[in-house]
Amino acid sequence: MYAWWHTLKNYLVIYWLFAKNCFMAQMEYRFNFYLGIGVEISYLIAKLLYVVVVYKTDLHIGSITPDGILLFVGTFTLMTGIYSGLFFYNSLKISEYVREGTLDLLLVKPISLQFLVTLRYIHFGTPIPNVIAGGVMIVIGWNALEIPVTFFHLFAYGLFLGVATILAYCLMFLPALLSFWFVNTGGLGMIFYSIWDANNMPMAIYSKWARRIGIYVLPFMVITNFGPLLIMQELRVDQLIWGLCVPIIMLVGFRMLWKRAISNYSSASG
Amino acid sequence: MSSYETYNRIFKLGMQSALEYRMDLIFSLLSAFFPIMIQYFIWSAVYADNPDQAYFGYSYHEMIMYTIFAAFTTRIVMTHVEHEMALDIKDGHLNRYLVRPINYFSYRFFNLIGQKMFFNCLMVCAIFAVLICYSIYNGTPMKLERFLLFLAAVILAFILNMLISYAIAAIAFWLSEISYFFEMTGLFVIIISGGMFPVDIFGPWVNAMLDYSPFKLTIYFAANVVSGRLAREEIIAGIGMQGLWIISMYILSRILWRIGMKRYLGLGG
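Listed in order, the protein sequences are those of chains A and X. Using the numbering used here, read the first sequence as starting at 66 and increasing by one per residue. Using the numbering used here, read the second sequence as starting at 268 and increasing by one per residue.
No wet-lab data here; the hints were simulated from the structure. Incorrect hints may appear among the rest.
[Claimed, not checked] Derived pair list, reagent style DSSO-like, types lysine-lysine, alpha-carbon separation capped at 27 Å:
#	chain 1	residue 1	chain 2	residue 2
1	A	Lys174	A	Lys273
2	X	Lys357	A	Lys158
3	A	Lys112	X	Lys483
4	A	Lys158	A	Lys174
5	A	Lys85	A	Lys174
6	A	Lys74	A	Lys273
7	X	Lys483	X	Lys410
8	A	Lys121	X	Lys483
9	A	Lys85	A	Lys74
[Said to hold, decoys possible] Partner residues are not named here, just some residues of chain X that face chain A (Cβ under 8 Å, in silico):
#	residue
10	Phe308
11	Glu351
12	Glu450
13	Met463
Predicted, not measured: the structure shown is a model, and the values here were computed from it. Just so it is clear, CB atoms sit at the ideal spot from N, CA and C, and this is done for glycine as well.
I would like the entire structure built from these sequences, with the hints used as guidance.
Take a look at the structure:
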């Protein structure tokens, strides 16, 4: 137990150093840092167009009112911020490591290769607009739905944000992992980004089969739906159990796939 | 070597590079369908309670048709060529084109056509297939004339978009690290061209402003030509406007590149 705790502490220290290093590097090129924020603002405007459509058409999805939809859009926007800050740049780097053979250098480092490759870079600028806008939308939606701000609600919502972060990690790195077999996986990445964007709306909008696939096969829909549904008291018990189990299943599955991917690495590039 | 042979070779090179990663090409084709599915579900939910009501001036069927055609047209006309041009300027690779007996714009243009030829042909086939399915579903004969006018409109939209990218790329002469900037402008151009939603959702005021820009004449115009929302006279007038904007953007981009070239140092890695 002590050894496990010691290892965790070491990795947290290394992660802190990664964060510090990335922050210093990004502050060195401040214009780029601000432009990164600008790019995210433009993507945010694109997401907000959906909100415009929802309110202009007074869209009701079953029992979910436009304010309820705003809670879902806010959760999606917040999760996009977390994903873009913690994972997006690392996923882009993986296919570059494979294509150019630079993974060789990382293989010899005395820490977990998965940790190093998937969490090395943190972007501080891009999450800012999404986290702020997502937070504002969540607060507005939460208030409008008159959901009481209790410890249980905050804990439950926070727990599912944690689940969502693990699922975002496992799912959004999948196309990058496949680059060990196919080298160029930009097209597959585009499919995954499109599926990610499908979370911009509550899953109730989609057909029954799309929902089943989105919850049980590629659990993208768990990411932004289960948290809001739980605090709106519309999450079924079986869905709640699945929501708590799926991050463990995905993490184990991802680890196994990672090991297979690494064993497939040939370092063929010049 | 004649100009025809030169640019034909460049076209073929572009085609070969596009077909190098076939699996990736298949995934890229598949990815075009996902945004359509998402929007289909959204609009179906919007119109579910009032199927006969028109939102933003579109009936349910018109909105679905617009969504499908706009998504395909966006994939056809978006070039993203500004990224490569900016890299050429930043890294000094432009030098190699300046000393060769070719025109840089023509090189990029024919290379791009080669790169997008296979993909765009498939997209046009998909649009044709949707039109056939729609006419069978509705029991109305498909108008070949409308499809041919769409082909003309989408080819001109492609050229117009390429010229917009060419003009925007000239900013790389003044700013060295601008990949983020292009990311921003690319998305902005898609939004105001009607690639996400019909530009009618922005309201009459923004729409009136967009009438004086070339953006509405790319995705929005081409999608509305093929969906049958525009009368024949409006299509002809629109194609004429596309021609005028192509000439204007060509002149503007040439001026920008001429000024930019005076600042170009040819340094870089």
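Here is what the structure says about each hint:
| no. | hint | in the structure |
| --- | --- | --- |
| 1 | A:Lys174 to A:Lys273 | violated (47 Å) |
| 2 | X:Lys357 to A:Lys158 | holds (22 Å) |
| 3 | A:Lys112 to X:Lys483 | holds (20 Å) |
| 4 | A:Lys158 to A:Lys174 | holds (17 Å) |
| 5 | A:Lys85 to A:Lys174 | holds (19 Å) |
| 6 | A:Lys74 to A:Lys273 | violated (44 Å) |
| 7 | X:Lys483 to X:Lys410 | holds (24 Å) |
| 8 | A:Lys121 to X:Lys483 | holds (22 Å) |
| 9 | A:Lys85 to A:Lys74 | holds (17 Å) |
| 10 | Phe308 | holds (5 Å) |
| 11 | Glu351 | violated (15 Å) |
| 12 | Glu450 | holds (5 Å) |
| 13 | Met463 | holds (6 Å) |
Checked against the numbered hints given earlier, the structure breaks hints 1, 6, 11 and satisfies all the rest.
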